[in-house]
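Using the sequences and the hints, build the whole thing.
Protein chains in written order, with our numbering: chain P, 1 to 279; chain Z, 280 to 536.
Honestly, the hints are just simulated from the structure, not real lab data.
Owing to the predicted nature of the structure, the values given are computational and were not obtained by experimental measurement.
The reader is advised that the hints may include incorrect statements.
Stated by the list, open to error - With a straight-line cut-off of 25 Å between C-alpha atoms, the simulated DMTMM-like cross-links for lysine to aspartate or glutamate are: (1) P:Lys27 - Z:Glu329; (2) P:Lys264 - P:Glu119; (3) Z:Lys530 - Z:Glu418; (4) Z:Lys530 - P:Glu119; (5) P:Lys264 - Z:Glu371; (6) Z:Lys317 - Z:Glu329; (7) P:Lys27 - P:Glu263; (8) Z:Lys530 - P:Asp166; (9) Z:Lys530 - Z:Glu429; (10) Z:Lys530 - P:Asp69; (11) P:Lys264 - Z:Glu329; (12) Z:Lys284 - P:Asp69; (13) P:Lys27 - Z:Asp397; (14) P:Lys54 - P:Glu43; (15) P:Lys264 - P:Asp188; (16) P:Lys264 - Z:Glu375; (17) P:Lys27 - Z:Glu375; (18) P:Lys54 - Z:Glu418; (19) P:Lys140 - P:Glu43; (20) Z:Lys281 - P:Glu61; (21) P:Lys264 - Z:Glu418; (22) P:Lys54 - P:Asp69; (23) P:Lys264 - Z:Asp424; (24) Z:Lys530 - Z:Asp397.
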Amino acid sequence: MTQATEPSTRAAAKAKASRLPSKGLPKWVLGLIGIVVFLGFWELMPALGVVQAKYLPPASEVIAALATDLGLTAFWVAVGDTMAAWAIGLAIAVAAALVLGLVIGMSPFLRRFTNSTIEFLRPIPSVALIPLAVLLFGIKIESSLLLIVYACFWQVLIQVLYGVADVDNVAMQTARSYGFSYAQRVRDVVFPTMLPYLMTGIRLAASVALILAITAELLIGSPGLGKEIALAQSGGAISGMYALILATGFLGVAINGVTRVVEKRVLSWHPSVRGEATA
Amino acid sequence: MKILKSFGYLLGLPLILLAWWWLATSGAPNFFVPTPAKLLTTFVETWFGERMLTDVLPSIMRLVVGVLAAIVLGIVLGLAVGLNRTLRAVTEPVFEFFRALPPPVLVPVLMLLVGINDGMKVAVIISGCIWPVLLNTIEGVRSIDPVQNETSRSYGITGFSRIRYQILPSATPTIMAGVRQALSIGLILMVISEMFASSSGLGFTIVQFQRSFAVPEMWSGIVVLGLIGVALSFIFQWVQRRVLRWYHGLKEVENAV
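Next comes the structure, spelled out in C-alpha cells:
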C-alpha cells in the first residue's frame, strides 16, 4: 500500500464499515452459509472415499438418526440423567464455593492462610478422581457428582475470591462506620461487587460441569448421554453414536446460551452490561 | 520474624490437613484411605522405576506435543479468521458448536477414524484443546483497539510486521486466557484417552490399580496426576508472567492514575 492511496482506502474502509449493516450479507446468513458448507463437506467426505462411511457416516444419515432419537423416550431419559447430574453438581458446587468464598474472602487472615492450599488443590484435574469415584460409588450418579462438584467448586471459588477482593475499601469502611453488621456488609457491599465475578464463575463452571458429566458417563458408565455414546460405539451403531455426539454439542450450545442470557439479566443493572447494551 | 510469618501462612493449613489425615487414619485401618506414610512409600515404589519410562513420560510427551500443536494451530487459524470479517461471520456458528461440544466425546470418534495408537491420543488432545485457543485468538484480534489499527495503517505497517508487532501483542492477554483453558482440557483428555482404550500410560495404570483394588497404588496415581496438574499451572504462570510483563505493567500504571 503506497502513501498516495492510503487516505482513499481508509475513506473507503470507513464507508464500508458504516454501510455494512444495510448492505452486504447479514451476519446470520453468513453463519448459515458456514453451517451449510460444513455439512456439505461432511456429506462429501465419506462419499468421495476420503474416510470410510462405516467410520464417518454422511451428515444426512447422522441427522436422520438424531431425528429418530428425538422421538425416543430412552434418548430423553438419557438427556434427563445427564442434565440432572449437571444441575445437582453445579448447584452443590456453587453453593459451597459461594459460602466458603465469602467467609474466606472477607477475612484477610483466612485469605492468606488458605492461599497455598487452594493454589495447590485447584489445578488437580478432577479426572484423577475417576478411580476413587468408581471405588466409592460405582456406576451411580454420585460418581458423576463427585467429579462435577470438585471441578466446578474451584472455578466458582476463585471467582468469588477475586470478587470479594475487588470490593472498594472506602465503601467497606463507610459501611463499617455506619455500623453495618457482618450480614449487612455481605449483602449490601460485598455482594453487588462480587456478583459479576460470581456469574463469570458460574458460566465457566456450567460448561465444565457438562464436560465432566459426559466424561463420567462415558468412562464410568453412570447413566446418561455419555453412557449411550459408549454403548453405541461398542455396539457398532456408528451413526447413532454420531447422533448422540451431536446431541451433546447442542446441549453445550444451549447451556452456553442460557448462562449468557441469565448473566445479562442478573447483571442488567451493572455498568459493564449497561455499557454493552448502549454501544 | 516476617519470613517466619509468611512461612506459617504458606505451610500452616497444609500441615494441619496432613496432621488431621494422619490422626484420622492411624487408628483403625481404613480400606479406602491409606496412611500418609504408606502412601508415600507406595508412591516412591510405584512411580520411581520402570513405570516412569514406560507410562509417565510417554503420557507427558503426548500431552506436551498435543497442547503445543493445538496452541500453534489455534493461533495461526485464529489470526487468519479473526482478521477477516466475512470469514469470522461464516465460521462463527460452527466454531461455537465445536467449542460447546464436550471434548471427551471426541475419544470414541477418533478411535474410529485414527485407530488406537499414539496418534489417536495426540489427535484427541489437539482436537479438544484447539477450540479455546482458536476462539480466544479470534476474539482477541476482533477486539483490538481501532485506534491502534488505524495508527499502524497510517504508518504503513502491514503484513507480517503488523501481525508480529501490533496484532499478536494486543491479542496476547486474551490468547493466554484460552491457553490456560486448553491446558486443563489437555490434561483431562490425556487421562481419558488412556483410560478408554490403551494398554499403557498414566490413565490406564491408575484404572488398572483401581480394578485390582490396589488402593494405595491408586491413590499414588491420583497424586501423580495432581502433581502434573500443579506443575503445568506453575509453568503456565511463569510463561504468562514473562509474556505479559508489559501488560501487567500497563495495567498497574492505568490503575494508579
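Checked hints:
1. P:Lys27 - Z:Glu329: violated (57 Å)
2. P:Lys264 - P:Glu119: With a Cα-Cα distance of about 30 Å, the restraint between Lys264 of chain P and Glu119 of chain P is violated, given a limit of 25 Å.
3. Z:Lys530 - Z:Glu418: Holds, at about 20 Å.
4. Z:Lys530 - P:Glu119: holds (23 Å)
5. P:Lys264 - Z:Glu371: holds (21 Å)
6. Z:Lys317 - Z:Glu329: holds (20 Å)
7. P:Lys27 - P:Glu263: holds (24 Å)
8. Z:Lys530 - P:Asp166: holds (15 Å)
9. Z:Lys530 - Z:Glu429: Measuring from Cα to Cα gives roughly 23 Å; hence the hint holds.
10. Z:Lys530 - P:Asp69: Violated: Lys530 of chain Z and Asp69 of chain P sit about 52 Å apart, past 25 Å.
11. P:Lys264 - Z:Glu329: violated (54 Å)
12. Z:Lys284 - P:Asp69: violated (62 Å)
13. P:Lys27 - Z:Asp397: It is violated: about 40 Å lies between the C-alpha atoms, which goes past 25 Å.
14. P:Lys54 - P:Glu43: Holds, at about 13 Å.
15. P:Lys264 - P:Asp188: holds (20 Å)
16. P:Lys264 - Z:Glu375: Roughly 19 Å between the alpha carbons, so the hint for Lys264 of chain P and Glu375 of chain Z holds.
17. P:Lys27 - Z:Glu375: Measuring from Cα to Cα gives roughly 14 Å; hence the hint holds.
18. P:Lys54 - Z:Glu418: violated (37 Å)
19. P:Lys140 - P:Glu43: The given pair, whose Cα atoms are some 38 Å apart, is violated under the 25 Å limit.
20. Z:Lys281 - P:Glu61: With a Cα-Cα distance of about 69 Å, the restraint between Lys281 of chain Z and Glu61 of chain P is violated, given a limit of 25 Å.
21. P:Lys264 - Z:Glu418: Measuring from Cα to Cα gives roughly 19 Å; hence the hint holds.
22. P:Lys54 - P:Asp69: Holds - the C-alpha atoms of Asp69 of chain P and Lys54 of chain P are around 19 Å apart, at most 25 Å.
23. P:Lys264 - Z:Asp424: holds (24 Å)
24. Z:Lys530 - Z:Asp397: violated (43 Å)
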